[in-house]
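**Student:** Take a look at the letters that make up each chain.
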Amino acid sequence: MYPAAIEEYVRPQTIAEALAAVGRFDEGDALFLAGGQSAMQAVKTRLLRPRCIIDLQAVAELRGVSVDGSGVRIGATTNYAALAEESSLDGAYQAVRDAAARVGDRQVRNRGTIGGSLCWNYIAACMPPVSLALNMEMKLIGKGGERSLAAEDFLGGPLETEREDDEILVSLNLPAAPAATGSAYKKWGLVTDALPVVGVCAMLTLDGSGACASARVAVGGLGDGPLRSGAAESGLAGVSAGDSDAIAAALQAASDEIETQSDMWADSDYRKLLIRSLGAEVIASAFARAAT
Amino acid sequence: MKTTVNITINGESYEESIPNRLLLVDFIRDVAAQTGTHVGCTYEGVCGACTIQLDGAAVKSCLMLAVQADGHEITTVEGLATDGELTPLQIAFNEHHALQCGYCTPGILMNMDEFLKKNPDPTEEEIRHGLIGNLCRCTGYSHIVEAVKDAAKKLA
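As they're listed, the protein sequences go chains A and B.
Residue 9 in our numbering sits at position 6 of the first sequence, and the numbers go up by one each step.
Residue 1573 in our numbering sits at position 154 of the second sequence, and the numbers go up by one each step.
Note that these hints are calculated values from the structure, not bench results.
Heads up, the beta-carbon is just placed ideally off N, CA and C, and yes, glycines get one too.
Hints are not guaranteed to be accurate.
[Stated by the list, open to error] To spell it out: a stretch of chain B is covered by chain A in this simulated footprint if at least three of its residues, at any positions, have a beta carbon under 8 Å from a beta carbon of chain A; those stretches are:
id	segment
1	1439-1445
2	1482-1490
3	1549-1560
Model the full assembly from the supplied sequences, consistent with the hints where possible.
**Tutor:** Structure (structure tokens):
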């Protein structure tokens, strides 16, 4: 595994410089590199053969988490290690910490970034279902200016997104969450912290009585790419934390609704069982986090 | 195709003109001739033997181009000991027989050295979780975990 020849390496300091650099190349010839924990694998196996690598490591405006009255902004090149420690995400957006703390291994978390993972949209990645359940808004910038896409519109099937090759994912934006909102993410893989065979993320907002007023549930590890489950979301409406039968029914409906694939890691029925089992765990955590 | 870089490894600066596609691990081993950093999995990013510290953070040097380290500081296993005096972590690995063939050891030391700085009083579960990115096919990890526990005690 060794990269093909790379004509040019550029390390811009600003988004404007990065866009100027990509503008010098034909479409697809220059590759934006964030932490490189997935993209470098693709470069080494020559799945990607960029003429130019534009390394985003020095672009400070792409990195870091900031919180104000309007919500939370996560810079696209914020690494997992930083996100795992980010206490401003607790409660409503704690699923980001759950996922970030268990991606890969320490070395990968020290360098891998949330935006890089979302742009790669690998089938067995944690951040795509998290971004769907949390309703992240993806802010992109390109030569035509800025645009924002909901996670659902940004993410396609595995390895597909709406991002153009010459666009940069700038940030993931989360609106200020309603009171009594909690989220959680959990994955299952063949060994501890392995790439998920299935990952489930839930975000719940409770009403004054502690019942679920709105729910977003998303599943990753699917052949069709990460998906929300409408059946789980509608099935959770009005349900309380202690309503285990209703929660189980909502998850049964989710596992019936979602098409799961069989492969060397797990067969289709086992994936459905994982959706129900991980789903019950993350829903219980999300209820507890929403209630505190 | 080539870029001139200045990379500091264990306090020594290396200014070289290198191919853009050269991996950092190969710069460390072949250009800087610091062969303590190992390649275990043919550059697949899964074994952790090539773990070094980039500006103090443990990362896999086969998942980076050397040009990306231009202007940065690298520490390798050769940079742990000062004037030939081993660190408490290295001594603990020796005392607890935490290596057999030793091939994975440099990567584990570079990872655990940073781990103990961030988490000076770790539980066994945290140590084991911290070691996920490093494969060892000799020891079964028990002695490695004991060595890290002991080093944490000695560093406290």
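**Student:** Evaluate each hint against the coordinates.
**Tutor:** Cross-check of the supplied hints:
no. : hint      : in the structure
1   : 1439-1445 : holds (count 3)
2   : 1482-1490 : holds (count 6)
3   : 1549-1560 : holds (count 4)
Comparing the model with each earlier hint shows no violations; every hint is respected.
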